[in-house]
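Following numbering that gives the first Met the number 0, the numbering of the sequence shown begins with 0 at its first residue and continues without gaps.
Just so you know, the hints here were simulated from the structure itself, not pulled from any lab data.
Just so we're clear, the structure is a prediction, and the values are computed from it rather than from any experiment.
Warning: the hint list may mix true and false statements.
Straight-line alpha carbon distances no greater than 20 Å define the calculated DMTMM-like cross-link-like pairs of lysine to aspartate or glutamate that follow [unchecked claim]:
(1) Lys540 x Asp689
(2) Lys722 x Asp741
(3) Lys95 x Glu122
(4) Lys272 x Glu404
(5) Lys613 x Asp689
Here are the simulated distance ranges between beta carbons [stated by the list, open to error]:
(6) Glu369 x Glu782: 41 to 51 Å
(7) Val825 x Lys591: 48 to 58 Å
(8) Lys272 x Lys95: 21 to 31 Å
(9) Tyr725 x Ala673: 11 to 21 Å
(10) Ser573 x Glu835: 31 to 41 Å
Quick reminder that beta carbons are idealized off the backbone N, C-alpha and C, glycines included.
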Amino acid sequence: MAETSSSSGIKVVEAAQPPMNDVPHPPPKPESAKTPTMTPDNAPKEASAEKSSEGANRPPIKLVDTGVDGKGQRLLHPAPATRRPKPEDMIPTARKCRWEDFINRFSETEPIHVVDALLASDELSRDTINEAARRAESQLFRPADYEMQSRISKIYTNKERIQRVKVHSSVLLQIFSRVTGYAWGDHSYTFMRPFQYLIYFHEKFRDELLRLEGELAADPAASVSAAAPDKTTDDTLAVSHLRGYIEFAEAEILPDYQRFREPESESRPASGKIRFDDLWYLMQPGDLVYLPEKTVKKYLAKTADARVKSCSTLSHNSAMQQNIWRLYSAFIPYAQYTATVDTNEDRPEYIAHLYHLDYDGVVYSPSCYEFQINHFEGEKDIRELEFYPMRYANRAEEVLEKAKEIGTQFMNCVAQWHMSYDGWTLITDPVGQPLTDARGDLQVPPQHIDSEVIVDFAEAISTNPKFNTWSGLEPRTGQVYLSETDNAPDLVAVWSDRSRSKLLSVCREVIVGADDIEQLEQERYAKLDPYLDHNRNPDRKPEGDDLALLPRRVFVYSLKDAMFLPVDVRYMTSLETKGNGFDRLQLPENHKRMIQSATSAHMRRKHIERLIKKTGSSERLLTQDFIQGKGMGLIIMLHGEPGIGKTATAEAVAHTFRRPLFPISCGDLGSVWAAEKKLEVIFRLADLWDCILLLDEADVLLSARTPTDNFERNGLVSVFLRKLEYYKGILFLTTNRIGKIDQALSSRIHLVLHYSRLGRREIESVFRINIERLRQAERQQAEASGQQALVVVESDILRFAADHCDAHPKGKGAWNGRQIRNAFVVAAALARAESEEEPAEVQPQLRYSHFKQVETVMGDFVQFRASVLGKNDSQLALLNEERDDDYEGTWAAATAAAAEAEDEKRKAKTGHEHFMATVPRGGQPPTPTSTVYSSPAPRPRMTFIPQNHQHYVAEGVRAQPVMAASSAVAMGYHAMPQFEPHGQPPPLPPQRSQSQSQGGGAWVDMNMLYGSSRS
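Could you put together the complete structure from these sequences and hints?
Take a look at the structure:
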């Protein structure tokens, strides 16, 4: 023996005998016949890579061949081991032993069991160190082959468990080959925990045992099975070896696996501990996996921008968290086959490929991500893992049901597509990565959206491809990896006796480092999971537990904000679809009939066009226009003073016909250069979704072009007019400045309707509608808060409405629909505030006085504005050639005449008297002294026109005595300029008394000047 020394100071004695290859090796394959071995970068080095220290006499070792022979089997032919007994001489049972007996044999004649099982605790590394030190002391092994470095770990338990299984029986290996398709050789193989191969094929092994036992029972004399003529032993030997292995596996291997796979029971508690090497027991393809919030935050911390991190804690959870996933494949780190581990070496992670379901506008498909569990020592609580099976989650059933409810909401959103949203936008994807817009800008901070929305994934992804979270399954190539140990502590030694007086031979241990089971599991599960095939089936819909895999994020187009956004499905609500939108709209019946008829006819035509397209016909419906594609839309212009129902008409049409209302403004279009493209997008989306398009305040965009205007503004009008001719949908244009609209628009509009100011009947109807609406809102709030609902005293409020109409004859200066709505909001707040000063048992009431207070405040503003401008809004509009609020068409006049007749009858019954007074600028109107009025004053026929335009006229103001001094001025005073209506002084009647002319003016019969108008 040659003696050397190592750096550690230990003498190294190299044994010249016995050789390591007692049984000759088969000749190696020619170089051209070898198949490359596929191994990962972090896999243990192959034993065929010989070390220079072991000499050049060692024959080459053939390890792994991942090719496929003619029988379709995986070729696994490692080098033969040292001399072994015949199969018939083996003991047909499994032996459990410690490391010393597992790595050593103490006699060549020592009986060998068909299976050796290594029984060890967490202190296995200590056992291997002791064995290595003992071998070094024998001076028969070179300590330089092993650096004594112990794994530093926390020992959670010293409970022993099976850590390795060595199969000696060639008969058993032949059965394994025949059953599984793996071509095992004729020598021993060592399988490492978690024994994937042995567990995965266990049922096949059991079935094979039953088959062999059946054959023996049918023909006990049979020695060779006709089904497998290449067997080297008879069926009796095969049955005994296989039965011995099956009994061992079911007693020692399967229980650990089944303990983690069973439903919650006494043997499998709700939570428990697990070792890193046993993670394969815990999760397998198809399992629902729970991703705790801490894991999502970890990914957020790794990937998100600082702005995302700062915003992710905002209200309404702007950072989306997908907690439930499905496992479709996992990578198990190669088994650590060396006796000891370098503490400085990084240990591989457990890598899992998980998916959740998502929708791309056509099909539901998997969105895949890779997660990992870092290596850990000893045992760890399952709920402390980065992710774990759903069955181990806290309140698993409750969490799963809640996720399924969200999934159901997701599918409802896709099905309904036109909904309402009130909440925050989302700024991250399911694992915390920031979402960006089409330009790559982060969508931070989150926006609050309160709007009708359109759910359209296809358009959202088309507009912003970065919204697409779908990712295909990563292709994975399976492999079988075998290694032979060449470190001295890991070699199987055969000694002459237990005292180790003589070393007879050694052989390398053949380790099954990877057995390709992960690939087989993935392939098997892929056949069962409909979402893992590559056929995009639009009819496939999630159901059952798959609903929990859907995200809580949907992509919507906000009709109010005119952009695609990711929003939270939990804050999506269905729209109210009951009733007819026109029922609450105060319009002349002729207006309603015209609008309903035109819109209904247009929608019917579009429906017929779709039916023709479905038949595959190229036929086109004829239109009144000779140019193809032109004039196929419906353009309706609504004009009149503000707040009288123009916008509400478009809303009513959308509600009645169950169509989205798509409002656009001039600000959405931008410059003339961007307007054309944006209009194309808006018109295309509106036509795609069958929207009712609304351009409110159209005069801003469509004002008359003049030579003095700038080129860009004129160009914007021209672009809109050109695009308007080819729009195929319904477009409502509203304006309160009809006189400023470009004349070229007139020929492009199909229907123009004038909205005159509200009369008495319309105002009272609007009051009734708001009363009912307020009652519904109060009931809802009372149910939610438990507080008393506000009592709406309808008779009192309607009395105020009547007084308000009397104070504003013909509707001049009366509240419009929008102002009435605002008055209800403020008056209800006043009533609530008053009730807080009363005892708790007093129920708040909304009465006449609250509206009177609102009227006073609003009247002050009207007076102040008129004082500043010198004219009221109607007069200014007429002076600026924008509109004529006193104009009444044929329909309006007929309606007004009927209303006035009813009004005259009502006044005849009340016996009202007239009251008029002149008021200097900034002064208060005189209070009546000759007569005490207990009811509202009638509408006056005579109006005082001052010769000095600094004076004002009180038109029909009549206040109750207790409030006359404080509120009379706020109840309908209007500035009357000297030159009315077009700068021409009106004729004055010859009769006037001295008292009447003190103010420097004259009494004029306004009906005589301008004619009767609608009340």
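Hints and how they fare:
In summary, the hint linking lysine 540 to aspartate 689 is not supported, as the alpha carbons are separated by about 25 Å, beyond the 20 Å threshold. With a C-alpha separation of about 15 Å, the suggested pair lysine 722 and aspartate 741 falls inside the 20 Å cut-off, and the hint holds. For the proposed pair lysine 95 and glutamate 122, the alpha carbon gap of about 17 Å is at most 20 Å, so the pair holds. Taken as a hint, the lysine 272 and glutamate 404 pair is broken in the structure, with Cα atoms around 31 Å apart against an allowance of 20 Å.
Among the hinted pairs, lysine 613 with aspartate 689 is consistent with the structure: their alpha-carbon atoms are about 17 Å apart, no more than 20 Å. About 48 Å separates the C-beta atoms of glutamate 369 and glutamate 782, a value consistent with the hinted range of 41 to 51 Å. Range check, valine 825 to lysine 591: about 30 Å between beta-carbon atoms, so the 48 to 58 Å window is missed. Against the hinted window of 21 to 31 Å, the Cβ-Cβ separation of lysine 272 and lysine 95 comes to about 23 Å, which satisfies the hint.
Range check, tyrosine 725 to alanine 673: Cβ separation about 19 Å, and the 11 to 21 Å hint holds. Against the hinted window of 31 to 41 Å, the Cβ-Cβ separation of serine 573 and glutamate 835 comes to about 35 Å, which satisfies the hint.
Hint compliance for this structure: hints 1, 4 and 7 are broken, all remaining hints hold.
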